[in-house]
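Asker: For this one, chain L is given, so just place chains R, W and F with the ligands on it according to the hints.
So the chains spell out like this:
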Amino acid sequence: MKNRLAISLFTLCSLLFTASAAHAMHISEGILPFNWALLWSLLAVPFVAWGLYKLKKESSVDLSFKPLVGLMAAVVFIISCMPIPVPTAGTCSHPCGTGISGILVGPAISILITAVALLLQALFLAHGGLTTWGADIISMGVMGSFAGYCVFRGLRALKAGLWIAGFMAGLSADWATYMTTSVELASGIKGDSPFLPLFWKVLLAFIPTQLPLGILEGAMTAGMVVLLYKKRPDLLVKMRVLKHEEVTG
Amino acid sequence: MESVTRLSVRIDSFTYPDGTMAMSGVDFSVKKGEFAGLLGSNGSGKTTLLRLMDGLLKDFRGSILLDGSDIRKLSSREIYRKVGLVFQNPDDQLFAPTVFEDVAFGPLNMGFAEKDVRELVLPALRDVDMEGSANKAIHNLSFGQKKRICIAGLLAMGHEILLLDEPTAGLDPMGEYKMMDLLTKLNRDKGVTIVMATHSVDLVPLFLDRLYILSKGSIVRGGVPEEVFTAPLEMAQVKLRLPHIAEMIYRLKHEDKVSFKKVPLTIGEARREILRVLGENNA
Amino acid sequence: MESVTRLSVRIDSFTYPDGTMAMSGVDFSVKKGEFAGLLGSNGSGKTTLLRLMDGLLKDFRGSILLDGSDIRKLSSREIYRKVGLVFQNPDDQLFAPTVFEDVAFGPLNMGFAEKDVRELVLPALRDVDMEGSANKAIHNLSFGQKKRICIAGLLAMGHEILLLDEPTAGLDPMGEYKMMDLLTKLNRDKGVTIVMATHSVDLVPLFLDRLYILSKGSIVRGGVPEEVFTAPLEMAQVKLRLPHIAEMIYRLKHEDKVSFKKVPLTIGEARREILRVLGENNA
Amino acid sequence: MEVFSEHPKNDHLLSRVDARVKLSVSLLVLAMVLSYKGLAFPLFTLCISLVLCMGIKVRPKVFFLRFSEPVLIAFVVIMIKFLFSGQDAMFSINPWGMTITGHKDGLMDGLQISSRILGAVSVLALLGFSTPFTELMSALSWLRIPRGLIEILMFAYRYIFVLSEDALVIYNAQKNRLGYSSIRRGLSSFGVLAGSLAIKAFDSSQNTATAMIQRGYDGSLPLLKQRPLRLAEVLFSLFFVVIMGIIWNL
Ligand SMILES: Nc1ncnc2c1ncn2[C@@H]1O[C@H](COP(=O)(O)OP(=O)(O)OP(=O)(O)O)[C@@H](O)[C@H]1O
Ligand SMILES: Nc1ncnc2c1ncn2[C@@H]1O[C@H](COP(=O)(O)OP(=O)(O)OP(=O)(O)O)[C@@H](O)[C@H]1O
Ligand SMILES: [Mg+2]
Ligand SMILES: [Mg+2]
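Chains as they are written, first to last, in the numbering used here: chain L, 105 to 353; chain R, 245 to 527; chain W, 245 to 527; chain F, 3 to 252.
Be aware that a few hints might be false.
What follows is a set of in silico ranges between Cβ atoms, one per label pair, in the way DEER data are often shown [to be verified]:
#: 1; chain 1: R; residue 1: 320; chain 2: L; residue 2: 308; range: 34 to 44 Å
#: 2; chain 1: R; residue 1: 358; chain 2: L; residue 2: 263; range: 21 to 31 Å
#: 3; chain 1: W; residue 1: 322; chain 2: L; residue 2: 350; range: 37 to 47 Å
#: 4; chain 1: R; residue 1: 421; chain 2: L; residue 2: 258; range: 54 to 64 Å
#: 5; chain 1: W; residue 1: 370; chain 2: R; residue 2: 305; range: 39 to 49 Å
#: 6; chain 1: W; residue 1: 505; chain 2: R; residue 2: 428; range: 29 to 39 Å
Taking lysine to aspartate or glutamate and the DMTMM-like style, the derived pairs with C-alpha atoms no more than 20 Å apart in a straight line are [claimed, not checked]:
#: 7; chain 1: R; residue 1: 422; chain 2: R; residue 2: 373
#: 8; chain 1: W; residue 1: 497; chain 2: R; residue 2: 513
#: 9; chain 1: L; residue 1: 161; chain 2: F; residue 2: 220
#: 10; chain 1: R; residue 1: 497; chain 2: W; residue 2: 513
#: 11; chain 1: L; residue 1: 334; chain 2: R; residue 2: 345
#: 12; chain 1: R; residue 1: 497; chain 2: R; residue 2: 513
#: 13; chain 1: R; residue 1: 483; chain 2: W; residue 2: 373
#: 14; chain 1: R; residue 1: 275; chain 2: R; residue 2: 453
#: 15; chain 1: R; residue 1: 276; chain 2: R; residue 2: 433
#: 16; chain 1: W; residue 1: 497; chain 2: R; residue 2: 524
#: 17; chain 1: L; residue 1: 342; chain 2: L; residue 2: 162
#: 18; chain 1: F; residue 1: 177; chain 2: R; residue 2: 345
#: 19; chain 1: R; residue 1: 497; chain 2: R; residue 2: 478
#: 20; chain 1: W; residue 1: 317; chain 2: F; residue 2: 220
#: 21; chain 1: R; residue 1: 380; chain 2: R; residue 2: 363
#: 22; chain 1: R; residue 1: 390; chain 2: R; residue 2: 335
#: 23; chain 1: L; residue 1: 342; chain 2: W; residue 2: 262
If you're looking for bench data, these hints aren't it; they were derived computationally from the structure. Owing to the predicted nature of the structure, the values given are computational and were not obtained by experimental measurement. Note that beta-carbon positions come from the ideal geometry of N, C-alpha and C, so glycine has one too.
With the rest of the complex left out, here is chain L:
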């Protein structure tokens, strides 16, 4: 009797668990103890400063650069609020959109864009938080943007097609974010227990939702890049994603 109750409780829990794991890309306000929150925030500072430095440099030449960055932040905000169906979990989840912004504007500005989108989500949607802002910037902004940017550029240098490069960039941005989030989460909630076993368990627990999510994010990123290429190649050239010859030739 007691056993059956426990089993049904367990099943219910795992259902709820997968449902919320899909949202767990953002580290929620309050999860991290004070020291960890401070550490991640301090780690994020130089990256954001780098983004701001780039912003200042670019916008002194081109006055439309700041509005552009603001608008891209709005796009990332909206993309990461849009529910898309996740086949395995039977729920809706959201992509993070940092892969594509990494590809389009480069890692420095992309980190800034993510920071802005995250702060707005924290303040107005209680998605993420103020004290976890730093941790979220590291996992989504820094890891996601660098992974997206480097993978895309790397594959393009190896003459990979746009779709494949875009797909792999989105996929790795998503998975890199997920790995980092797991580190942050495990270290934040470990308390007195050892870090590594908990980390593996957190990592494993998220696999059923994060594997397909990464693939979705990859497909979305690839779709965006290909659409931009077909519809407005001039924009890709302007943002220095492609060279002029690649578009005309």
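Answerer: Below, chains R, W and F with the ligands alone, put in the same frame as chain L:
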């Protein structure tokens, strides 16, 4: 046969999530082969009503029946096989890179084979006079051309009912007439049932069978254009006006006591009526 | 005093970077206190011409003089102290979160102190009938309200010359008249020189002093509205038409040989003319 | 976007408190919640925030939407700690050949973290509900957050509304033509939607820059200056923080 009801709409109230009550007291029906218009000022609820009729907004009190079945119980596939909605801004609707790909989007989603898709797309482009532009890039088209492609995209899916949100807004005077001509042709020759939202008072009476006037979310008046456009004051209350021609004749009749028998809405009718009065005076 | 030329425009040609020749053969001037209109079909070059006149596009052959000096030699500060451009799409123009902040943007940039800014913003909002909405969020406004805020944002800067790109497009009939009334008041009471682009044929003759018709990048006709709107055929060639009232009287005059002396453009004039003819016939 | 609450516009007891005060107090309370060992203080904070939320008449629907996700996450954290960490086993079951053990100390840890989540989120939510966006922005600049970041925030905030409307319309247009009739189709449609948004964003940014330049924009947005802080405000908030500090210390 002609009097089969396709859409029957009764909405007691609809409120947007932010609390805006956008619809209250709407009750009308659209018959097969009808060309009906929804006329109303900015914010009167035209777009909201079309979205409700297309099954995009479901959270309303009342009932909308499509061929007799509750639209909330139909799957989106079942709705979109019969009903197509053209949005106000063509840039929102056209998402493929080239004209052909955009028009082919619907048929491909319906599961047609590549070859059959061509045979649906080309006639649709011909219907809107754009057959020469199949391979053009969408962003090189003019505004009016984009609106045509939007309509072609739905024609290719063979919709029997078209809902159009301000199809003539932003077009130049000649473009407006051409667009209305195109719609009239679809309605007459192919039997497509059409409901369009508009605030273009001067254009409407020339083309539409029935007219409903929306104000603050409810239909305040409905009927054939001659019944609807009667007094300037009532139109002003709903932030509209009579067509210019009607306005002038109305003033001549009521303020200057010229013996017009009715208030004509179109140039042709007005001309005949003026000539009649002139002839009377001569005699 | 009234005949000082503010803007004198002569453009031999202008080509967009992608090779579209958008402007060829434009030559006109705008006098102080004038209320002029640019009328033309979709793609005729209205927006391009306004952008050229605002100094945003510089790469043209010809010359544009603002108060006698070449607009390409003026700094953007010098231009924007005198000339303000209102865009076709209000969402492109409004960027601050609230109405007050958006209208205050220009004056703040001009270096006014906090207190003085209030005294510029509030009257500007009053002029466009939006004084009650100073603290509203922009994204909660209706389309017509957004257009008003765009205009207020320029009014607060005290521009002497306003360039407006289709200020009435997308507004309902009453909104159109109110917008034109507002512009007329600015022009009459404050002496603001206004140039507006439009394809609203019926509205224009009621309000504008001068009219230029654009077709395929050149001005094909210009003058007071009565001079410009003469024959339906010529208008059809540039994809426009006469105002409905004029069209009707034109037909009565030329096809039915009714003895109208001129072709009136407005309801008021037409009414007088018809009464005159009726009276003649009676006598 | 319905959760994107418009509440701050209403006139209520917290709307008269300066945003700088609200922000600083929130940050201090957050720090206390995070560094507390135990359940009492976070739960106390949660209660106070809930009462204040009711006091400023937040609509229940918006309120629950805001809390639905943190509650779920709190629950997941409890489960992870309960099942995966700790020594003190409470029970052990064997469904489908797996051994699942519940730990008492893990459960306690989990409860503590969850109370922290709920307490902290409630502070954040109260701040969001009670403070208009622009005031929050000038408060951030008072906290020495760099200007560039704040300017980007302002642009982003405004265009979220413009672009989300566009996104909704594109989404409906695609649905209308059966763009989401299968997973494969849905994915490609979603990519197209996101791509179209990026294109729109680019084009509008050019137009917006032009509109701003002609109104004197030279590279930095002017911010409205703040009124000086009132003594009463400062004293009251100090008093509040001290009281919270004492409770924290208990
Ligand atoms: N998504 C929304 N959320 C909240 N309110 C809305 C929304 N969309 C429209 N409204 C409000 O509902 C009312 C009706 O809007 P609707 O768009 O249907 O008007 P319309 O007749 O199409 O106007 P227009 O002529 O300007 O297109 C308006 O008051 C509008 O502000
Ligand atoms: N950025 C651009 N690049 C290339 N061609 C352009 C560009 N903008 C406009 N054109 C072309 O220049 C011509 C004039 O366009 P313009 O926008 O000035 O027309 P318009 O009179 O304002 O039309 P509408 O009534 O539709 O607003 C058109 O043929 C258009 O396709
Ligand atoms: Mg509408
Ligand atoms: Mg234009």
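Asker: Could one say that the CB atoms of residue 322/W and residue 350/L fall in the range 37 to 47 Å?
Answerer: Distance hint for residue 322/W, residue 350/L holds at roughly 41 Å.
Asker: Tell me if the beta carbons of residue 505/W and residue 428/R are separated by a distance inside 29 to 39 Å.
Answerer: Taking Cβ atoms as reference, residue 505/W and residue 428/R lie about 37 Å apart, which means the hint holds.
Asker: Does 34 to 44 Å hold as the CB distance between residue 320/R and residue 308/L, or does it fail?
Answerer: holds (37 Å)
Asker: Given the hint that residue 390/R pairs with residue 335/R, does the C-alpha gap stay at or below 20 Å?
Answerer: Within the cut-off at roughly 8 Å; holds.
Asker: Is the straight-line distance between the alpha-carbon of residue 334/L and that of residue 345/R 20 Å or less?
Answerer: Distance ~11 Å between residue 334/L and residue 345/R Cα, so the pair holds.
Asker: Look at the Cβ atoms of residue 370/W and residue 305/R and judge whether their distance stays inside 39 to 49 Å.
Answerer: holds (40 Å)
Asker: Assess, step by step, whether the Cα of residue 342/L is no farther than 20 Å from the Cα of residue 162/L, and give holds or violated.
Answerer: Measuring from Cα to Cα gives roughly 13 Å; hence the hint holds.
Asker: CA of residue 497/W to CA of residue 513/R, is that 20 Å or under?
Answerer: OK: residue 497/W and residue 513/R at ~15 Å, within 20 Å.
Asker: Between the alpha carbons of residue 161/L and residue 220/F, is the straight-line distance 20 Å or under?
Answerer: holds (14 Å)
Asker: Taking 20 Å as the top limit, are the C-alpha atoms of residue 483/R and residue 373/W close enough?
Answerer: holds (16 Å)
Asker: Given a hinted range of 21 to 31 Å, is it respected by the beta-carbon distance of residue 358/R and residue 263/L?
Answerer: holds (29 Å)
Asker: Holds or violated: are the alpha carbons of residue 497/R and residue 478/R at most 20 Å from each other?
Answerer: holds (17 Å)
In terms of the numbered hints stated before, the structure departs from none.
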